[in-house]
Amino acid sequence: MTGTEQTVVLTTFADAKDAYRAKDLRQALYDEGEIVMADVLVNLHGEEHRARRRVENRLFRRETFDHYERDLFPGVIETTVAPYLAAGKVDLVHLGHELLLNLAALTAGIDRPEGTAAETERLYAYMMRFVEGATLAHSTQDKDAQRVVIGQALLDWDAEFLTPSIERRRALDPADRPRDVLTCLMEHADELGLTHEVLRREVAFFLLAAAHTSATAFVRSIDHILGWIAEHPEDAPKAAGDPLFVQRCVHETVRLNPSSPIGKRRALAPVRLRSGMEIPEGSSVIIDLMAVNRDPEVFGPDAAEFNPYRTPPPGVAPFGLSFAAGMHVCIGQDLAAGVVPGNDVDPDNHLFGLVTGAVRYMFTCGVRRDPDDPPVRDANTARPYWGRYPVLLGGDA
Amino acid sequence: MSYTASVDKTVCISAGLCVAEAPEAFVFDDDEIAEAVEGHPGLSDEALVELARSCPSGAIRVLDADGNEIELT
Ligand code: HEM
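Respectively, the protein sequence lines represent chains A and U.
Okay, so the first sequence: first residue is 1 according to our numbering, each after it adds one.
Okay, so the second sequence: first residue is 1 according to our numbering, each after it adds one.
Just so you know, these hints were derived from the structure itself, not from any lab.
Honestly, I wouldn't trust all of these hints.
[What the hints assert, rightly or not] Here are the simulated lysine to aspartate or glutamate pairs, DMTMM-like style, with alpha carbons at most 25 Å apart:
#, chain 1, residue 1, chain 2, residue 2
1, A, Lys23, U, Glu71
2, U, Lys9, A, Asp156
3, A, Lys143, A, Asp156
4, A, Lys23, U, Glu69
5, A, Lys23, U, Glu24
6, U, Lys9, U, Glu38
Bound-form chain U, shown alone (with noise of 0.2 Å):
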């Protein structure tokens, strides 16, 4: 578990693909704006990849263990 995920509330339209696959993950916050979890449990850094390329918007940013941004597309 070394990569990090952050979701930019600008961007992000509450579609909710990322809470309906992986709740434990990403949550919704008051606004209904997708929040990710620390750690994000239940999800490999592969499928945080994964999730994070099929998010509608594009909302989802991944950074590895050194802090670089993950190529998503």
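The following block holds chain A by itself, in its conformation from the complex (with noise of 0.2 Å):
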């Protein structure tokens, strides 16, 4: 940052939202973080990111997600726990991303053709690896070391695990294809311009913005809806039963819990917000999610309490400001998250979310705190995630 350089800070709801839809303030995010996040979907600007985003919304349409809410999830949820159902036990945190990340590489479309747990684990190192290229600017080891570890992990997961999904979509015909991002890049490569190496980098980041995402709100709203049954058990039957008050636990988690506590944006030009609040030119612009999903002027005094009957006023979702708003809003939100649900809604056909889908799958196992072995924290950021959260499942509840 230069001495001119100035940093506004965004605390209220209005300013968010603002700010995210105003079209010269450009995402700054992953400065640094190129490595894995250079001409990605999240990182590109105006026409760039129009382009790219409308040909991907196609995919992330309704009847994608029904056909994947529907049809595709549910075995893979029943399977990925079935193991530690017959244990009756398991630690959360590792269940939750193995099973976020199997859900989310059917949506990347990264085939697992083994199928076991031995290959998730690889995946999942990989993941791992792209957060850490994704979140660079905020490391405190040697970064250029970094780099170069990165670097060789994105091209050893496409030798195992791209190239032969993208071989395997090569040879199948169109029409037989699985719907999926990699599939939908393939087809649109030419017309958007896409090298390999950006291709690359692109399902990289939808495996990371997916699995890593869902996976910390998965642990989180069994957490807070353990509280929360605990103190209201009245409760506890809607938790294996009832899908719509799970959704709002997630939506509630998901406010409380954003995946970055931080928006970033730079201003191209100077902007005013309708506040009044003016944004100067090549100025930096944090949006302090915590502080605007907990603004008592929308969600009330006891805006920093998880409350699932929470009703937030017109024009505001349950879940706040966590999947961004304006050009780079989630593309996965319905599909993470579902749709907010009206007074007229119809279980039948309602969009719960793949987040709802799994909790709820938790409690209908009878998932509870190990009372012998208490959750612990995750020591290696200050940030607040779970290290372990072991939990017991089947048998007497």
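Two independent chains are provided; combine them into the complex using the hints.
Right, dumping it as structure tokens:
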């Protein structure tokens, strides 16, 4: 940062939403993360972003989500959880990563021919390298050395997972290709001018954007629900039996715990927000999501509390701005968290989201804390992540 | 039906929420960019404002009968 550069911090909901929608505020969250993030969707701006997003949005439509949620995901959830259910216990943090990575791989288009837990472990190790790459700005280690390791991980992952997935799709009749990000990008590569390197990073980014965020939301949602039903035992049956209740809990969890505590933008031109706030050209804009999603003007005096029965005002989503807004609004929002139900919701045709589906399934398996093995925070980060979260499954609850 | 809606085509990212929620009032053009149908059939003024508020990219603008822009944030 130069001496003349200014940082503007936004803490109100209205300013944040306005800023996310401002055309002259450019993505800046992944500066220094170019080893993974160069030219990926979330880092593009203007016409380049629109062109890519429009193509990808054709996949991220209601019909695809219905297909994932009803046809593809339930089987994966059951198969992934089965061995742990048989064992009667699991570490939720580990299960969350395994499960949500399996679901994210389906969406991204990364085939897993072996379908084993060991294969998921390898994919997981690659994905964590990509997360490290995307967040390199915050690293305290030797960044150049990290770049070398992450660059090599991308190549190894390409050889082991991506290229075989591409080859399998090429060999299929177009009508038989799976509906996923990889197929979509392959079919539009010429139109979008995508090189193999950009395609590689884009699919890697989808993998991390889908898996890491939703795995964290999975563990935190279960933690919040367990806490809620300890205080409100009358709601206990709803955790397994009422998917609309579980979806409300997921939304409330995501509001209180955005995947990144901040959004970041850079002003390409002077911007004036509706509140009158002036953002000078060249300045950095920090969107303080922890404050924004707890704005008492919007969410009430108990905004910092978990309350699945909270009703936000019109025009405000129950998860606040945790999926952002504007051009970079999360493309996987409905896939992860479902559609926000209206008053006339029909549960048979409603989209609940993959986190809701996975969380609810755990309650049908009798998930509960292990009294002899309490959960522990991740000591490697200042952020509120769980390091281990042992739970019991099945048997007598 | 006094309000009018328009879509800023340079902002629309084809998320398709308006087309899915109100298929009579919003359609995709040949480039899959949303377009408002005149008179927003099937949507009350209130429902139109609500839908415009939930457009992910903020591409929908709503004007009242006097041509004043409705505040959406
Ligand atoms: C609970 C789960 C999730 C949360 C909290 C979340 C959050 C976010 C946020 C805050 C952004 C905007 C980042 C910014 O502008 O700085 C974003 C963008 C994005 N997310 Fe998600 N996400 C989740 C799940 C998913 C899933 C399941 C997918 C993929 C299937 C996904 C794919 C993406 C992509 C591709 C973008 C970039 C969109 C663009 O730039 O146009 N996310 N997400």
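Structure-based check of each hint:
A distance of roughly 18 Å separates the Cα atoms of Lys23(A) and Glu71(U); the hinted pair therefore holds under the 25 Å criterion. Straight-line distance between C-alpha atoms of Lys9(U) and Asp156(A) comes to about 41 Å, which puts the hinted pair past the 25 Å bound. Only pairs whose Cα atoms come within 25 Å are accepted, and Lys143(A) paired with Asp156(A) is accepted, the gap being roughly 20 Å. Between Lys23(A) and Glu69(U) the alpha-carbon distance is near 19 Å, which keeps this suggested pair within the 25 Å criterion.
Straight-line distance between C-alpha atoms of Lys23(A) and Glu24(U) comes to about 29 Å, which puts the hinted pair past the 25 Å bound. Of the pairs offered as hints, the one joining Lys9(U) and Glu38(U) holds, with about 16 Å between alpha carbons and a cut-off of 25 Å not exceeded.
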